[in-house]
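Got two chains here, separate frames each, mind docking them using the hints?
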Amino acid sequence: MSFVCSLSTLYRTFLVSLLPLFIAGTCAPSVPAADTLTIYSGRSERLIKPVFDAFTANTGIQIQLLSSGTTELVNRLKAEGDRTSADLFITNDAGSLELARTAGLLRPLNMREIDRAIPSQFRAPDNAWVGLSGRFWIVVYNRTMVQPDQVISLLDLADPKWKGKIAIPNSGSEYLQAGVSVIRATYGDEKTRQFLQGIKTNADNQVYQKSSQIVDAVAKGQVPLGIVNHYYIYRHLAAQPDAPIAALMPDQQEGGMGAIMNVAGIGIIKSTKHLDSAKLLVEFLVAQAGQKLFAELDKEYPLHQDVKTDPALVDRKNFRAALVPLTKLAELREPTLTLIEQVGLR
Amino acid sequence: MSTIRQQLASPLQLLVLATAGIILLPLGYVTAQALSADPAVWRRLWATRIPELLFNTVSLAASVSIFTLILGVSTAWLITRVEFPGRKLWEGALVLPLAMPTYVLAYVFSYLLGFGGPVEHLWQLVAGPQARIFSPHSFWGATIVMALDTFPFVYLLSRSALLSMNVSFEEVARASGVSRLSTLWRVTLPLMRPSIAAGIALVILYVVSDFGAVSLLRYQTLTYAVFQQMTGRSDNTAASILSLLLVVLALIFLITERWFRQRSRFYQTTGRYRAPQRHRYGWLGALAVTGYLGLIVGAAFIIPASLLIQWSLSPEAQATIDSRFFGFIWNSGILAACAATGGVLIGLPLAYLASRRPTLLNLSCLQAAYAGYVLPGPVAALAVLVLFTTLAPAVYGSALILIVAYVIHFLPAGLQSLEPALQQMSPNLEEVARSLGLGMRDTWRRVTLPLVRNGFVVAWVLMFLQTMKELPATLLLRPVGFDTLAIRVWMEASEEYYQLAAPSALLIVLLSLPALALLVSKDWRAA
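Residue numbers (my numbering), protein chains in the order written: chain R, 1 to 346; chain G, 1 to 527.
No lab work stands behind these hints: they were computed from the structure. Treat the hints with caution; some may be incorrect.
Claimed, not checked - Heads up, simulated SDA-like pairs for lysine to any residue below, C-alpha to C-alpha not over 25 Å straight-line:
no., chain 1, residue 1, chain 2, residue 2
1, R, Lys273, G, Ser398
2, R, Lys191, G, Val41
3, R, Lys308, R, Asn318
4, R, Lys49, R, Leu65
What the hints assert, rightly or not - Partner residues aside, some chain G positions facing chain R, computed with beta carbon under 8 Å:
no., residue
5, Arg49
6, His137
7, Ser215
8, Gln220
9, Gln228
10, Leu475
11, Val480
12, Met491
13, Glu495
Keep in mind the model is a prediction, meaning the values are calculated, not measured. The C-beta atom is built at its ideal place from N, Cα and C for all residues, glycine as well.
The shape of chain G in the complex, shown without the other chains (with noise of 0.2 Å):
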């Protein structure tokens, strides 16, 4: 038993050690200068701006979490418990959400919902001419927007969950007398909630260091507000402790999550024999499931990508398109693919460390790497840029000093997939495999490898997707010549041209869909 732990030798220690440092340089870097900025613009941001940010940030975070979980769960649950027709259909499709940018959606939305737009009319056909819809542009236009985009992270770790849980335990409780809903409630719920958890620690991740869409849609939080520090300041002292402050506020939401985990761990003791049973519903429950599952794929998806299918065919968007249109679609490509194999190399041996050795080392080491995704996109765009300027000049300019970037930013994206993975294996079958004669190398390979496989895929999937949408760190660091399809989106949505924004925005979708087409594969989901 003990050779295992032993075996995990030291270098692979160093290694995790020397990621744990590289990811939290940025950190430091804005700590200091949060911390030793001059206590009167520390007073004067509290007097003015820190309240209103804190609020609006906590506020969304919140109201997006809780549409997420209902969101996700409950199509997770749907999918995977319940018969339909056209039951497969949806499955892949309520993953399409991800290949949406959330400032594509929000510029979507700002045109469906905007003064003088397409659900406006429909209201007043039936409220009267003068009446009006809320405004895109404020809470609730943000929280719709967010939630609709990320609530397949929930929906997918659900699913996950629920189709590699063991059924007996559902079956034990059926069998014992219990209703279907007490035991969806007192059995099947809470062996999903280091799952669920995960999910909506990812969402609240993603909607604080979200810069896309609020920026859309005007709404305040404290990343579009280091954003707007940033570009608009010469010194970034106050960028810096909005920073610092949005890092302290996402440590406690990443802390919150852990103990939750903490308090569930489980080990799959045996393989899944089998499929669980899905219960089949009538013509009735069919169609009701169906409007269900149609209103939010349709709301997410399909109406926004009927839309920019219909500006980029209109001609103005269609004469944007040429040589240089090539060009940015190749950087978008490559980038993403680099970040990608790049956070797995990296988070694999932080996760498997964290797992198998939980030292109090190893554990800081990969909480360390969370905080890469907290630090919002702005400021570890500028903390890699002075880093490297100060260290390596001599790759300052390349676009390895972005793949960086997106590499700490987005690793937590793939950590949160690769842990558990790793969790969920227990490692009495890497040491059964040792006991039975297996050398380290072929239990590495014939019993570890497999049994993660499906959570390096989704990291790596999750990770490339993300990158390719990924705005802020993208406008301050691209290199000359290097603009990317999420950047010309930005460029023309940001002034409301949405005929002109439509090509580049259709085609990181396109590009998203073959890696979700991935997600959802038998491949990986076999197990």
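Same shape as in the complex, but just chain R (with noise of 0.2 Å):
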């Protein structure tokens, strides 16, 4: 027994040296006041955290910040139910925040603000999630090792010639996803499952977890083409003026399916117990000030009809955007993954 009483003596020590250690720990973080928000974001920080802080410049309100994951923090969302400590949910996919929406995560909004600014195909019925910006799924390409009549679908990249040539995102992207969605939508699962076989071929080990480096990949030509989203090519353009790349819409020929589009949006969460907070902000990101953050900083299309495109972007009237609604996008998922994982993409 004395033994034991020992152990416990040096257990004691060493817990009453943790204790101290251990309040701070999970005291440290200040607790959020009434006047901050915190927010899931499956947004990359570097492109949503100069918007968050024109808000706080502009009402006070502070924003605590964690990202991550746009499918790992709807997972997190679902596990946390109503002890969640967070008050909104901001991602770069409609098909994401659907699904949040179907599974009661999100509280429906009645902002005659958000009817005034966004159009209706750009949000949920109840406006569960509101859009904020939109982004094209498109081809860059090296202009000194490709020609831009080479590829005039996505489709062509599945095309033996390119083996080897192609960039992809990993197969757990949301835009990938939303992407293969589209093309089932448009062309059905066979041509889509010859489609993901001939890029998953072509690709092989050029599988990458991020937009950027896929641009940055085909900027220094390794590799000739890559597949991402529109506003990478715009912000690698406007760092490095002299870089050889190109955007190249596809699918616009007579007949084609149209760019894949998709948006980035925002959702109050159900549990939020800084409603009116959450709606400030909600309404900052859909008026014209915030609008024109996503279009100048982001390079991305404002969903707001006053608010001007970057002039350095393709202007959105002359090209088309693919016909599949936005809300559908959800319910094409399941198939789409399961399609994804049968012809084993990374």
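Now the structure itself:
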């Protein structure tokens, strides 16, 4: 017994020395105050933080940001349920927002500001999520290695002549999943399977975690072509105007599917205790000032009709978008994932 | 003799049982999920991903262990058996790579060896402007990074063995006319075998559960695939299936290691009376040794660290150093200290009982504790999250949940040094102390504790280091506003913003250094 006693004495000494550390550890990050909003963000912190900083400067409301993967955050919100500390959820994919809505995580909104600013095809029917900016899943190419007329459609990239010459995002990325969903809805499963098989072979180990890495690889000439969200191309060009890259808007041919569009959007968490502040943020983001930030900082397409697109981008009037409604991305997702897995995309 | 065994009272036994139970819960959760999965999911995974992932994981583990075996044992032998200028300096320098997280080394190497990177430029000077080197985003890239990062485990344990070994064995062999090389082969290495096996096992478990390096180098292993499945899909059935395979795979490695160790159990019959004699090399030998060690330490630490310093001094990086940055430092340090202390507290009874009362039950409890390490970070994280939200929702969202995941995840790292420390100490010593009239408490305080103190210190330091570097579980479990330095490195490095990732990476390295200094200080070596 005395052995156990001495062991427990030892333990007590350890624990006592540990306690202050632990208390400090759990309490050190300030408990979110009334004028602090906690946001789960599936968007790259680099792209979204300046926008929130502008909001804080305007209103004095602080933002606590938890940046992570979009699907990962949906999983986390589901696991946390009503206990979550999140007030809002912002992501890079309408499908994920719709999934969060159907899981009952988001709060329907009745706000005139939203109805006025954002066209109805870019938000949920009950405004539980609202699109903030548009993005297109398109082709980036190295101008010294490829002629723009060599690729008409995204599906061309599955052609064996591009073996070892394309870079693609990994299969966990929500825009790849959304893109494949749109292709499935347009052309059916069999053609999509062939496409996936083709790009899997052609990309080989050029499978990247981030779009910015793909653009980088294309700019360096490591690989001639890549599939990315359009704004990574323009952000790269804004930082390095001499980079030999350009955007190629695919599937614009007669009868073609049109460029694959998705939106980044935001929703208020159902259990939020800071509804007024959260509404204020949504209002800020859909208003002209907020929309300008998405357009200018991030090179995305603003969804507010009165806000101008960055002049460097292809004018929105000059190309067509694919006709698959954004809300359908959610129901398309599960079979899309099965298909992706069957093909064995990384 | 039997008094000690009997007096290991049952409360300790109960504590051990409870600990093992808690550690096994996440494993149980994952197993249940994997086994209850639709057979169609299993079939699909077998047809598409599993063969490739299994092959990649096993071949990476094999190649890294071969490299670390060569690097670790050779450097340990040089340091302890050869005298050359600067030996003491190298003795410490060889541990430095432990301060370098795999993902930091991976991102530095993907710059160094990358397309259009400095090494390729050098090579093009030799082989012509069109020449290309192998891509770091490959099997060999992952092997190099993992081996350079993990060989100090083998080095440290081999070195400990060489230092605490009774030199009489070698002297007897030499006196009987056995050559120096043959002595090394037939006496020294077999005596080191338990330590080497323990080191290699640590390396393999590390490789198998590593997420940071393989994801940045885009080398598909089971752990990476699990993370991709978990973050890319809304249900984690496929992730559980892959995790279960991972656990089975790691168990095979563990059992193999145990088997080796069982076959060679040595007790130190007497204390070490004096330091082993060091062979003095001529200037050519000394130069060769210095060159060899310099190459290893240069590639694994000096070059990466200089790059990190250079990047940290760039204006882009300087702009990120603000009050937020100091919050990240605080978060990292406090989490790691809590996890390491918790790990020692939980690991000690497990290791002690398994070594002093090696009943089937106690050994099983100890083995159970090893499961945490092979449960990849992301899955351990998710399992802990689900368990806590079901059993104790109140603590959810605090740092506690993260610390529990850390302890479960890194306990094996600590046990790897707690266990040999207890094993090497003959139970006779305690029994003698008791027979000479010392009480249980005094025996523990004056005999057991001083003898196992080294093992404790090493265990604490190893767990502290690994926790501070931990990535996937932190990514998944961190409370809001609790980003650590590791998270910051990951966020920037995964987009190849090398400069922006550098200050956090450098700080992880710097914070790890005092802990490493402790590792190589005389304090724990002398015993």
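(message) Please check whether G:Met491 passes as an interface residue: C-beta within 8 Å of a C-beta belonging to chain R.
(response) Status holds, d = 6 Å.
(message) With the threshold set at 25 Å, check whether the alpha-carbon distance from R:Lys191 to G:Val41 stays at or below it.
(response) holds (23 Å)
(request) Go through the hint on G:Glu495 and say holds or violated, using the shortest Cβ distance to chain R against 8 Å. (result) holds (5 Å)
(message) Checking hints one by one. Is G:Ser215 an interface residue toward chain R, by the C-beta closer than 8 Å rule?
(response) holds (7 Å)
(request) Mind checking the alpha carbons of R:Lys49 and R:Leu65 for me, to see if they're no more than 25 Å apart? (result) holds (8 Å)
(message) Quick check on G:Gln220 please, does its C-beta sit within 8 Å of some C-beta on chain R?
(response) Since chain R brings a Cβ to about 6 Å from G:Gln220, closer than 8 Å, the hint holds.
(request) Return the status of the interface hint for G:Gln228: holds when the least beta-carbon distance to chain R is below 8 Å, violated otherwise. (result) Hint on G:Gln228: holds, closest Cβ of chain R at ~5 Å, below 8 Å.
(request) Classify the hint on G:Leu475 as holds or violated, based on whether any CB of chain R lies nearer than 8 Å to its CB. (result) holds (6 Å)
(message) Just to be careful, I want the Cα atoms of R:Lys308 and R:Asn318 compared with a cutoff of 25 Å; is the pair within it?
(response) Roughly 14 Å separates the two Cα atoms, so the pair holds.
(message) Hint validation: G:Arg49 versus chain R, beta carbon distance must be below 8 Å. Holds or violated?
(response) With a minimum Cβ separation of about 6 Å from chain R (threshold 8 Å), the hint on G:Arg49 holds.
(request) Mind checking the alpha carbons of R:Lys273 and G:Ser398 for me, to see if they're no more than 25 Å apart? (result) holds (19 Å)
(request) Using Cβ atoms only, decide whether G:Val480 comes closer than 8 Å to chain R, and label the hint accordingly. (result) Holds, because the Cβ-Cβ distance from G:Val480 to chain R comes to roughly 5 Å (cut-off 8 Å).
Of the numbered hints given earlier, the model fails none.
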